[in-house]
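These protein sequences, in sequence, are chains A and B.
Once you know that position 292 of the first sequence is 294 in our numbering, the rest is easy, because the numbers rise by one and skip nothing.
Once you know that position 150 of the second sequence is 374 in our numbering, the rest is easy, because the numbers rise by one and skip nothing.
Read the hints as simulated data drawn from the structure, not as lab findings.
Among the hints, a few may not be true.
[To be verified] Here are the simulated lysine-lysine pairs, DSS-like style, with alpha carbons at most 30 angstroms apart:
no., chain 1, residue 1, chain 2, residue 2
1, B, Lys415, A, Lys126
2, A, Lys150, B, Lys447
3, B, Lys520, B, Lys253
4, B, Lys386, A, Lys126
5, B, Lys386, A, Lys150
6, A, Lys520, B, Lys439
7, B, Lys520, A, Lys56
As a plain string of letters, each chain reads:
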Amino acid sequence: MQSLTRNLILMLGWVTGIAAYAGAPVSADNPGLAALLAKIPDASYADKRVLVVKMVQTRDPRVHAVLRALLDDSLYVRTSDNHVFIGEADQDSIRLTDPLSSQAAGVVSTDSVSTIGVNNQLRKTLRVALAQFDLSDPAVDVRLAAVKEMLRALDADSQAVLRSRLAEEHDSAVRSQIQAGLALADLDSSDSSIRLAAVRALSRNLNPDVYNRLSIMVLKGSEGTYGEPEPAIRAAAQESLRVIERYRKFYAAVQTLIYGLSEGSVFVLVAIGLAITFGVMGVINMAHGELMMLGAYTTYVVQLLMPNHIGLSIVVAIPAAFVVSGAIGIAIERGIVRHLYGRPLETLLATFGVSLILQQAARDIFSANNRPVITPDWLAGSLQINDVLAITYNRLYIIIFTLALFLGLLAVLKRTRLGLDVRAVSQNREMARVMGVRTAWVDALTFGLGSGIAGIAGVALSQLTNVGPNLGQSYIVDSFMVVVFGGVGNLWGTEVSGNALGVVNKLLEPYTGAVLAKILVLVFLIFFIQRRPRGLFAQKGRNADG
Amino acid sequence: MNDGKMMRWAVPALLTLTWGTASAEDTIKIGVLHSLSGTMAISETTLKDTVLMMIDEQNKKGGVLGKKLEAVVVDPASNWPLFAEKAAELLEKDKVSVVFGCWTSVSRKSVLPVFEKDKGLLFYPVQYEGEESSRDVIYTGAAPNQQAIPAIDYLMKDVGVKRWVLEGTDYVYPRTTNKILEAYLQQKGVKPEDIVVNYTPFGFSDWTSEVAKIKAFGSAGRKTAVVSTINGDANVPFYKELGNQKISAEDIPVVAFSVGEEELSGLDTKPLVGHLAAWNYFESVSSPLNKEWIAKWHAYTKNPKRTFNDPMEATVIGFQLWVKAVEKAGSADPQRVIAALPGLEVPNLTGGFAKVLPNHHITKPVYIGEIRSDGQFNVVWKTDKEVPGDAWSDFLPGSKDIEADWVTLNCGNYNTKTKVCSGQNLK
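Sequences are here, hints too, so could you generate the full structure?
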C-alpha cells in the first residue's frame with residue numbers, strides 16, 4: 003500500500019514536471035525551434051552548442067527528440083534543400099521524420115542526406131541538456147543518472163533546476179546525490195556560513211571532485227593566499243580531507259590487491275594445464291601455449307555458429323574448447339611425446355615443432371589477422387562499489403573462474419579413479435603397472451586433461467587479449483615461470499605462486515612501470531630458483547629426486 | 225579469412241603478370257618489401273596488395289615509358305635483419321628500379337645502409353618519428369610535425385586540455401615522438417608535474433592498473449587527455465579496458481597516432497565513440513577522388529567491406545609520384561628518378577596536393593577524427609592547407625639547427641650553425 007502511494011506521488015511529480023514544460027508558450031509551429039533548427043546544418047561545433055542551449059530554453063517538448071537524435075547520430079540534413087530531419091537508418095535507406103510536425107517525410111537513400119556530426123564537447127552539452135528532461139522521469143534510476151549527468155557541468159541555470167527538483171524529490175538516493183552536488187557548488191558561495199555548512203556536508207564524500215575542491219581550499223595558491231580565506235572553514239576542510247584521505251588510501255590498497263589477484267589468476271590459468279603435463283608427467287610441452295590458442299579460436303568459432311546468443315556462447319565454448327584442445331593433446335601424446343619419454347631435450351624440440359605447426363595452421367585457416375571475439379554484456383563494464391573503488395567484471399569473473407577451475411581439477415585428482423591412477427603413475431610407474439594400471443592409457447588421458455584445461459584457459463584469455471596465432475607464445479614464458487616457482491608436481495604450488503607473482507607485479511608497477519616490474523620479478527625468480535631449485539612447494543617422497 | 229583468399233588469387237595474378245611480359249628488357253621491375261607473415265603481417269599485407277593494385281592499374285594504362293611494370297614480391301617475415309637481406313636481394317639480384325616497403329621504424333633503419341650502398345630508391349609509406357633524411361628514401365608518411373604536433377595543438381586550443389598522459393609502447397617511435405611532444409608541451413607552458421609519460425611492452429594485455437592510473441590522474445579537476453603511441457595488438461585490450469572502466473571520451477579523450485580504420489575493424493566501437501585519431505587521411509572524408517579510389521580498391525579485392533587507410537593513401541601517392549618522376553626523367557634509373565622527384569606533385573585523395581620537398585618528405589593535410597559507432601571517423605578538425613614535412617624536429621635541442629636538403633645542399637643532416645654536413649648520410 004505504501005509503495006502504491008509512493009508511486010502515486012512520483013507520478014504526480016512527473017506530471018507536474020511535464021506541466022512545467024507545457025507551461026511555456028507552445029504554438030503549433032514555434033518559430034523559435036524552427037529557426038534554430040534551420041541554423042544547425044551550417045553551424046560550427048561551437049555554434050551548435052550555443053544552438054542546443056537555446057533550444058532547451060525554448061521549453062518546447064519537441065526539443066527532446068531532436069537532441070536525442072543529434073546525440074545518436076540520427077539527425078540528418080537533406081542535401082537538396084538543407085532541411086533537417088530525424089532519420090532511422092535501415093541498411094541503404096533512411097526513413098525520415100519531420101521533427102516539427104512529427105510527420106513521416108518519406109524514405110530516401112543514404113546519398114541524398116548527410117549526418118549532422120557531433121564532437122565530444124557537443125556530446126557533453128547534449129547529455130547535460132537531455133538530463134534535464136529525464137529529471138522528472140518516473141523511474142528512480144533514470145532520475146539518478148540524470149542528476150549525475152547534470153553534476154558533470156554545473157552552472158547557475160542547472161543549479162536552479164536541481165534546487166527546484168530537490169523540493170519535489172522523494173527518493174533518498176536521488177536526494178543525497180543532488181544535495182552533494184549542490185554542496186559542492188555551495189563551496190563557491192560568497193556567504194561563509196553556507197561554505198562552512200557545505201564543507202561539513204561533504205566530510206565523508208569520496209567523489210574525486212570533492213577531494214580536489216577541498217584540496218584547493220586548504221592549499222596556498224600561486225598568489226600566496228589560501229583558496230579559502232576563513233581559517234575556521236579551512237580547518238573544517240582540513241579535517242574533512244583527512245577523513246577522505248584515509249578512506250582513499252584504504253580503497254586504493256583494496257584495489258591493488260584485487261588487481262594483483264586478477265593478474266595472478268591469469269598466471270594460474272595459463273599455468274594450471276601445464277602443472278599437469280609438465281608438473282605431474284614431467285613432459286616439457288612447448289606447445290602448451292598453442293593449446294590455449296586453440297581454445298581461444300574455439301570460442302571464436304562457437305560465436306560464429308551462434309551469433310544470436312553471444313551471452314551463452316562463452317558457456318558453450320568452455321566444454322567445446324576442452325574437447326578440441328584435449329583431443330589435440332591426446333593426439334600429440336600418442337603421436338609424438340609417447341616415443342620420447344625420458345628424453346626431455348628431444349621432447350622439448352619435438353613439442354616446439356608442434357607449436358610452430360599449430361601456429362601456422364591457425365594462420366592458414368583463420369589468417370594472420372586477429373579475430374574479433376565479442377565480449378558478452380554480462381562480462382563488460384565494472385562494479386562501482388563507491389566513487390573511488392570500481393572493479394571491472396571481467397577481472398572479477400576471472401578470479402572466480404580460476405578458483406573454480408583449480409578446485410575442480412583438485413577434486414578430479416583427489417577424488418576420481420583417473421586421479422588416483424594419475425598420481426600412482428607419477429609416483430611410481432613400475433609399481434602402478436604391476437598393480438594393473440594401464441600406464442600408457444593413463445599417460446594419454448593425463449596429457450589430454452592438461453591440454454583440455456589449457457583450452458579452457460584459452461576461452462578465458464579470448465576475453466582479455468587478442469585472439470591471433472601468436473596468443474600462445476606470449477603466455478608460454480609466464481606459464482613455465484609459475485609452475486617452476488610453485489614447485490613442479492604440485493597444484494597448490496601453482497595456485498599460490500601464480501597469485502603471489504600477480505600481487506607482487508601489481509605492487510611494483512606503480513613505482514617501476516610495467517616493463518621494469520616484469521624484469522624485477524624475473525630477476526627475483528632466478529635468485530629464488532638458485533636458493534630453492536624445487537620451488538615453493540617441493541615434492542616429497544620416493545619420486546622426489548627422480 | 226579474407227587474407228587467405230587474397231593470397232590464393234594474388235599468386236596466380238602475379239604469375240600472369242610475369243608471364244604476360246615478353247622478355248625482361250621490356251619490363252620495369254618494382255620491389256615490394258612488406259611482411260607477409262609474422263606479427264606485422266596484419267598491417268603490411270594490405271600495403272602489398274595496394275602496390276599490386278597500382279601496378280595492375282598502371283599496366284592497364286600501358287605501363288610507364290612504353291614498358292610494362294613487373295612486381296617482385298618478397299617476404300621479410302617481420303624479421304628486421306631479414307629486411308636488410310631481402311632488400312639486398314631485390315637491389316642486387318633482381319635489380320629492381322624502385323622498392324615500396326617497410327612499416328616499423330626498426331625495419332627502415334635496418335634496410336637504410338643497403339639502399340645507400342646499392343644506390344636504390346625506397347618509398348616509405350608510414351608515419352614515423354622523424355630525425356632522419358636519406359638521399360635514397362622518399363618519406364610519404366607523416367613526420368611528427370604533420371601528425372603529433374597538430375593533434376596536440378587541437379587538444380590544447382579547441383578542447384582546453386591542461387594535463388597530459390603520454391602513453392606508448394616501448395620502442396623507438398613512441399620514445400622519440402614522446403620526447404618531441406614533452407619538449408613541445410613544456411615550451412607551451414605546461415608544467416612537468418602535469419605530464420605523465422608511461423611505456424608498456426609490445427603486446428601488453430593487462431591494462432587494469434595502467435588505465436586506473438590514467439583515471440586517477442585525469443580526475444584531478446582539470447581537463448586531461450591521453451596521447452597514445454601504443455602500437456599493434458596492445459590497442460585492443462587497451463580500448464576494451466577504457467570501455468570497462470567507463471572512461472568516456474567526453475571526460476578523458478584519447479588521441480591515437482597508430483589506430484586507424486583497419487585496427488578498429490576488429491573491435492566493438494560503441495564504447496569508444498568520441499576517442500580521437502590524428503591522420504593525414506580518413507576513409508570517411510567525402511571527396512570525388514577518395515570515392516573513386518575506394519571503389520577501385522573494393523573492385524580489386526572483390527570485397528566491398530575492405531577498409532582503406534592512411535598508409536595505403538601514402539602508398540598510392542608514392543606510386544603516382546614515382547610514375548611521374550620516371551616520365552620526367554625519361555628513365556627508371558633510381559639516381560635519375562631521385563633527382564627528378566623534388567618539386568613534383570600529385571593530388572591527395574582527400575583534396576589538395578602532395579608535393580615532394582627537397583628534404584625528401586612531402587606536404588600533407590592533417591585531420592583529427594573522432595571514432596563513430598560504425599568504426600569510421602568523423603573529422604572534427606583539419607589544417608587549412610597542407611603541412612610540409614619536417615625531417616628534423618624544431619623542438620628538440622639536438623636537431624633544432626639541423627636541416628635536410630637534397631637539392632641545393634645535397635645533405636640530409638646539415639647543421640646550419642656549424643655549417644657541417646654529418647650523420648648517417650655522410651659520405
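Here is what the structure says about each hint:
no.	hint	result
1	B:Lys415 to A:Lys126	holds, 27 angstroms
2	A:Lys150 to B:Lys447	holds, 18 angstroms
3	B:Lys520 to B:Lys253	holds, 23 angstroms
4	B:Lys386 to A:Lys126	holds, 18 angstroms
5	B:Lys386 to A:Lys150	holds, 24 angstroms
6	A:Lys520 to B:Lys439	holds, 23 angstroms
7	B:Lys520 to A:Lys56	violated, 45 angstroms
In summary, the structure is inconsistent with hint 7 from the numbered list given earlier, while agreeing with all the others.
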